[in-house]
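Visitor: Please take these sequences and the hints and turn them into a complete structure.
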Amino acid sequence: MTLTRRQLLVLLPAAATAWEFVLAGTPEAAPNYSSADHWWGMLLDITKCIGCGSCVRACAMENDVPDGYFRTWVERYHVDDFHIESPVVDSPDGGKEGFPPGDFSGGKNFFVPKFCNHCVDSPCTQVCPVGATFHTPDGVVLVDQNYCVGCRYCIQACPYGCRFFHPTKHVADKCTLCYHRITKGLTTACCESCPTGARQLADLRNPNDPIHAFLKTHSVQVLKPHLATGAKNFYYGLDGSVR
Amino acid sequence: MVKLQDISHLLRMAAVFAVGLVLFLVFRSAFIPKSFGRYGHFRGDALAEIASRPIHYAGHQACGDCHPEEADTKAKGVHAHVNCETCHGPLAKHAEDPTSMTPQLPDVAHLCVRCHSENIAKPPGFPQVNVAEHSGGQLCDTCHQPHSPALVVGARK
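For the record, the sequence lines run as chains H and A. For the first sequence, position 20 matches number 325 in this note's numbering, and the numbering has no gaps at all. For the second sequence, position 17 matches number 174 in this note's numbering, and the numbering has no gaps at all.
No false leads were slipped in.
Quick list of the computed label-pair ranges, beta carbon to beta carbon:
no., chain 1, residue 1, chain 2, residue 2, range
1, A, A232, H, L520, 23 to 31 Å
2, A, F174, H, P442, 37 to 45 Å
3, H, R311, A, E206, 42 to 50 Å
For the record, the hints were derived by calculation from the structure and aren't laboratory data. If you're wondering where the values come from, they're calculated on a predicted model, not measured in any experiment. Glycine residues also receive a C-beta, built at the ideal position from the N, C-alpha and C atoms.
Guide: So, in structure tokens, the structure goes:
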């Protein structure tokens with residue numbers, strides 16, 4: 306049999322496409338966890354946060370976060386009665402060891418725990434040039450540290466400052482929403498260690514999750530809603546001065 | 158009738174293109190990870206890799222089976238909603254094999270203070286004290302049983 310040039314040109318791309326399917330293989334079966342059944346977010350109750358830093362310490366121990374870097378941190382806001390537009394914010398060592406009493410009085414004072422918002426339309430995944438950061442089917446934004454080239458573009462893109470450059474791995478690092486825990490039926494390390502229940506992991510696709518009852522009777526906000534990132538950290542009792 | 162010598166230059170060019178295409182496909186398949194694109198524009202194996210990272214916090218469900226007395230005391234007090242590992246630290250290894258490690262008792266002098274020292278930003282209803290005035294330097298568990306912290310004189314064992 307002889308091939309004409311025309312036949313060859315038709316066959317080669319077809320063979321290449323077929324080869325792609327061979328390389329991709331079949332998807333792995335996840336025995337106890339179906340990512341299609343979950344859609345993860347978190348509920349943060351500002352009125353319950355006491356700034357103890359338990360979440361920051363737990364996160365560091367669970368995920369081997371290097372000293373001086375934070376996947377989650379706590380900020381203390383002081384909103385002066387007469388300067389509402391310029392709140393004073395501090396976060397000594399990310400709030401890891403709690404907060405000193407502070408030399409301010411009066412005004413409005415509260416703590417805000419922060420970490421990756423696992424945005425639905427996340428700027429960080431949009432800018433990654435190699436596909437090393439991505440959305441999981443269950444709504445978590447992760448970094449493939451074996452594939453990241455360390456260009457730091459995502460770190461600049463995140464409007465919430467939730468990413469950092471890992472000092473020894475030389476790749477982008479961030480909150481995984483304890484993906485290794487939530488896929489096994491556990492809650493995240495920060496929620497596990499929060500003594501007041503200020504942080505609660507929420508599965509928005511689970512109709513029995515307590516967040517649905519909460520959302521019916523409480524108004525919640527996300528950070529920087531004007532950026533339309535689709536943030537999934539829902540704050541209850543959030544003051545308008547928080548950025 | 159087209160003669161071969163009339164189109165041989167085109168055939169040579171086609172051959173160059175064909176070789177280029179084959180090389181492109183070879184390099185592409187060599188450099189793109191096999192699982193890339195399985196679930197989206199990323200390496201599909203990364204999901205399983207990240208999900209298989211080691212767990213350090215066992216989770217509150219793990220403690221009560223072996224420590225029913227402590228769990229019971231805690232459930233009756235105001236610390237009922239505080240999980241064991243909040244104070245005792247990550248103990249997944251201990252939960253898996255209790256003989257593999259012995260948990261250290263928490264450092265009461267620092268532990269209680271982080272939550273209960275006075276701070277203007279804490280919610281008004283939350284129990285907080287000026288530590289120096291409140292205890293005069295005594296450790297918290299002299300008077301309080303941490304698992305159920307209502308005042309118990311001689312709580313410390």
